[in-house]
Every structure is written in structure tokens, then in C-alpha cells.
Amino acid sequence: MAILVVAEHDGARLKPGFLNTITAAKKIGGDIVALVVGHQSSAAAEAVAKVDGVSKVLHADAAMYAQPTAENITALVLTLAKDYSHIVAAATGFGKNFMPRVAAMLDVAQVSDISDVVSADTFVRPIYAGNALATVQSKDPVKVVTVRIASFDVVADSGGSASIESIGAGPETDLSSVQSQELTKSARPELTAARVIVSGGRGMGNGENFKILEALADKLNAAVGASRAAVDSGFVPNDYQVGQTGKIVAPELYIAVGISGAIQHLAGMKDSKVIVAINKDAEAPIFQVSNYWIVDDLFKVVPEFTSQLG
Amino acid sequence: MKVLVGVKRVVDANIKVRVKSDGSGVDTANVKMAMNPFCEIAVEQAVRMKEAGTVTEIVAVSVGAAQCQETLRTALAMGADRAILVETDQEVQPLAVAKVIKALCDKEKPGLVIMGKQAIDDDCNQTGQMLAALLGWPQACFVSKIEVNGDTAQITREIDGGLEKLSSKMPLVMTTDLRLNEPRYVTLPNIMKAKKKPLENVKPADLGVDVAPRLATLKVAEPPQRTAGVKVDDVAALVNKLKNEARVI
Ligand SMILES: Cc1cc2nc3c(=O)[nH]c(=O)nc-3n(C[C@H](O)[C@H](O)[C@H](O)COP(=O)(O)OP(=O)(O)OC[C@H]3O[C@@H](n4cnc5c(N)ncnc54)[C@H](O)[C@@H]3O)c2cc1C
Ligand SMILES: Nc1ncnc2c1ncn2[C@@H]1O[C@H](COP(=O)(O)O)[C@@H](O)[C@H]1O
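Taken in order, these protein sequences are the chains called A and B.
Here the first sequence stands for residues 1 to 310, where the numbers follow the numbering used here.
Here the second sequence stands for residues 311 to 559, where the numbers follow the numbering used here.
Hints in this document: simulated from the structure, not taken from any laboratory.
Predicted model only: the values in this text are computed from it and were never measured.
All C-beta atoms in this analysis are idealised placements derived from N, C-alpha and C, irrespective of residue type, glycine included.
Heads up, none of these hints are tricks.
Residues from chain B shown here face chain A by an in silico Cβ test under 10 Å; the list is partial:
| id | residue |
| --- | --- |
| 1 | Val321 |
| 2 | Ala408 |
| 3 | Asn435 |
| 4 | Cys451 |
| 5 | Arg467 |
| 6 | Gly471 |
Under the rule of at most 27 Å between Cα atoms (straight-line distance), these lysine-lysine pairs were calculated in the DSS-like manner:
| id | chain 1 | residue 1 | chain 2 | residue 2 |
| --- | --- | --- | --- | --- |
| 7 | B | Lys312 | B | Lys507 |
| 8 | B | Lys551 | A | Lys280 |
| 9 | B | Lys529 | A | Lys27 |
Isolated chain A, as found in the complex (with noise of 0.2 Å):
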């Protein structure tokens, strides 16, 4: 048994989820082979090299990849899925974007957002907003998953020395192109990856009032999230959403600042090892899955946490 784990880099770096990916990878048993896709990824190419679990990278560096499209990495995926028992990837938005496209075309199912693995072939997956955990079982020769990042650990980045194999390009689709991509920047961990992370939701009001939580999160080393509320309202971008639909995190720390706790939002972040609550409604329903919550004004509460952090 081979398994083929597609890895998510920006052409230097690993995104993080690729760590908690070969941690289920190897949970699945047997080989594990990555693939980097990309143009001028030398360097993601040697970091996945080194990555503990890794037996094999095969590198697919060509300009068409710079910024692929589903449809080529899907192109090149089916070029090499006839070897492998198992083709996985992480469920961001990466993964989530092309898998189902591989899946369709080897006629087999994806099994979507894995949080954990029964065996080679059985495999748990949250559905309802995570208010049940469904075992399946796929039937299909070959199987094509997709991994909660937040439900499985990190393997080591460095102790491994896998081989690196240059293998051409897969074929061009012109169906579609990317133009552009315009990146929230920011030089806070990143949210699937932080170890502390603080959120906010229409109780912050506005956008300009999200950098009193900037402040606690500078001190706290986190990463900043929001509800689906707070993004709509434009108070920050997309990529910020915590929830159902947005970003599953599961971190050492949430703060949850002016959130009630929607079903959906809960789905997002409930697995968090502590969750704090501030809010001044005394019956939000976030606190129901709080360690620890303070009812009062967040305005006050707040910079009040920032200082006392010293």
C-alpha cells in the first residue's frame, strides 16, 4: 500500500497543515509519498523532504503551476494515482478546492474532512456542524481523503530524508486561470497553525475596534479570528471566519470576545484545549462550552487583559 499525500507549500514554506496530514497519512499505514506541485519550489520540495513520516517526494515544477488551477493539479494527480492505495490531502482550501475533482474522475468517493482513522478503509468524519461523528466505511479501490487539520498533530519538520524525483508536468487545461490572489497579510502565526487565538464577533462593533484584540493577540503570541457575523459586516477579511463553513481550529487557547456561540461557529472551534468567553449577555450560549468567561462590557474587559498580560 502506497499513499500519495498532495502537500499545500507557497512555493518556499509548508503550510502548516501538511505536519497533521502525515500524522493521519501514517495512522492509514503504509508508504508515504508527497507530491509538491509548483513553479521555482525547490525549496518546498527539500522542506517536505525532510518531513518525519515522508519515504518519497516526486517535484512537478513548471510555470503553469506558479498559481494552479483545480484543474491542472487534478490533471496531474490522475497521471500518478494509479499506484497508490490512498490519495490524501489536508481539507483547506486547497484541498477542498481540487480533491472532489480526482475523486470524480477515478469514479470513487472522497471521504471529506476526516477527524480520524479507524483503519485503511474506515475512517470518522464530523457532520452537522460536528454534532455528530459519522464512521465510513469506503468500499472504493482507491481511497480519496481529505484531513481535519485541527484533529491530528504534527509530525516533526526536520529528522527525515526523503528522496526527491523530478517528474514532468501533467497535462494543460486552459479551462480556467488565476489572475490574482490578494493575501490578507499579516505577521501573526496563522490561524489553522496558532497555539493561542482570540476572536471576535459582532460584539466588537467595527473593524477599527478589532485592534483592541490586535493588542491582546500581540501579547499572547495569537492568531486572530471572527465570527461570520464580523466578517459580513466587513469588519475584517473572509479569511478570518471561524466556523462551520470558514476555518476548523483546535488550539491550546480561544478567546472568544463579543461572540454568542452559534451552532456554526461552535463547529469551528469547540475541540480549542481552554475556551474563554467574554460577552456581556449572561446567557450566550458560548459559554455552555467555556472553561472559564467573564460577563461584562468587552470594551473594559479587554484592555484590562492586555495590561494585566504586562
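Assemble the complex: chain A is given as a structure, and chain B with the ligands must be docked to it using the hints.
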């Protein structure tokens, strides 16, 4: 241009489902059902494109039990022109839905298919991508903006780090994200009008599609519950707890 929209009937987004005690699934008996919210955004998008003159006809499609007719009537009340129910009592998984809609596309020849990015019951986030693959069409997923000009489309889609601008050929399969639009409420006169719009009923076998599930659900369990927490009186107490009890700061 004709548009086909996939609409799924799901448990209402405000309801917290319960797992059945025998572990066979979640209890959906006597639970309020509704159109999947991302499908509402999909229908709204189609209707706005029709209002803007880019779209000439909107066909809403649902695959599932007879009750999906209600969901299709909602789509018709929002502004779809006609509806197709592909009726089956079997559990239909994303690959099967994609195959069914592919077969309908072969007949209907739409220039655009709009689907939700995710059904809030199975949380699969697959069907649109699978359909695009089966059709051999480009895909634009998690779309927050789209402009169609003849045989190309300019798309803005939500990605993990922010936004991506994509240029795509038509025909296209797109999936909706939350920021694409805010769906309209259906009005009583439109509900009345929707009753007279055509709703066709076909079976998967009529389309030559095998919808047998590929994944077997072995069991469904409750997620682990969190242990009860405590209210703290002030920031000093909170900082103390986080430092000395939880040891996370
Ligand atoms: C299909 C679908 C998908 C969704 N996906 C997501 C998702 O991925 N993530 C997500 O978060 N939501 C999602 N939602 C939305 C979700 O249902 C809620 O509407 C949303 O989470 C509410 O955000 P909120 O808690 O910030 O706002 P509200 O519910 O309005 O809560 C604001 C809170 O702030 C408190 N507050 C106000 N002022 C202050 C103050 N000065 N001091 C202290 N507290 C204050 C209030 O007491 C209140 O509890 C989704 C909904 C649907 C239908
Ligand atoms: N049974 C169905 N009938 C019609 N459309 C569906 C069905 N299942 C899924 N879809 C479409 O596919 C989208 C994504 O669903 P999923 O891949 O299950 O998360 C939905 O928002 C619908 O647009």
C-alpha cells in the same frame, strides 16, 4: 444562457440535531427542514443574473425524496422558472448527485451550473467540484463575485489566505460562498405563482444513473461533551486561572 441550480433539502440551520440512541444516524423525524443556505445563495445568484439580463432561464434541480418538492417550490418562489425532482428514497451521496446532475446537463445544456459550496448536513463540500470533473468543465469554488461576459467569466473566490481572482471559460460550474449575496425572502404572491410553475419528476434510472452509495455509514456517535466551566468575576481571576489552573499562558 440557461442556468441549472442544485438545491438540497436539509435540516434547518438553526436546529441542533440529536444522534439516535442506536447509533444509526441522526434523528430527523419531525425536525424542521429547509433549503440548504448555500443553495439559497445559489438560487439568488441565478435570479439576480436573470434580472440583469445575462440569464434567460433558471432550472432548479433536487435529488432526493418526494418532500424535496417543497424545497423546489421555494426555489420557484425565489424566481426559478421550472424545477426537476430526481426522486429516490435511497441515500444519495455527492458522487451520485453529481452523476445525476451531469445527466440532466447533457439533456438541458445549461451554460452555467450553480451549486452551494457545502451542504450543512453532510458537510461534504464536494458535489460541485465532482460535477465539473464529470462534465469536463472548469470549476469556480467558494465564489464571492462573478461576472459573465460571453464565453468567459471573471471570478473572485474565497481562499484560505484571502481572495483569488480567477478567469474561466464558459460553460462553468460554480459553488457559492457566504459573501456572494444575501438571498431574498419569498413573498406570498410569489409562493402562489410558484405553485403554477412546472415541476417535472424523474427517477435516477430514467437518466441511466446508478445512485448506490459508495460509503457505508457504520455508526453515528455523539461528539465528546466538554466539561462544565466556571464564571470568573474579573480579569485578575481570569489571568490567575489561565496561568495556574489551565497553564496555557
Ligand atoms: C450556512 C451558514 C453557515 C454559517 N457559518 C458560520 C461560520 O463558519 N462561522 C460563524 O461564526 N458563523 C457562521 N454562521 C453564522 C452563525 O449562525 C451566527 O449568525 C454567527 O456566528 C453570529 O456571530 P456573532 O456571535 O458574532 O454575532 P451575534 O450572534 O450577533 O452575537 C454578538 C454577541 O456579542 C455580544 N456583545 C455585544 N456587545 C458586546 C459588548 N460591548 N461586550 C461584550 N459582549 C457584547 C452579544 O451579547 C452577543 O452575544 C453561519 C450561518 C449559516 C446559516
Ligand atoms: N441531493 C441533492 N440535490 C441537489 N443538489 C445537491 C444535492 N446534494 C448536494 N447538492 C448540491 O451540492 C452542493 C454541495 O453539497 P455537498 O457536496 O454535499 O456539501 C449543495 O449546496 C447543492 O447545491
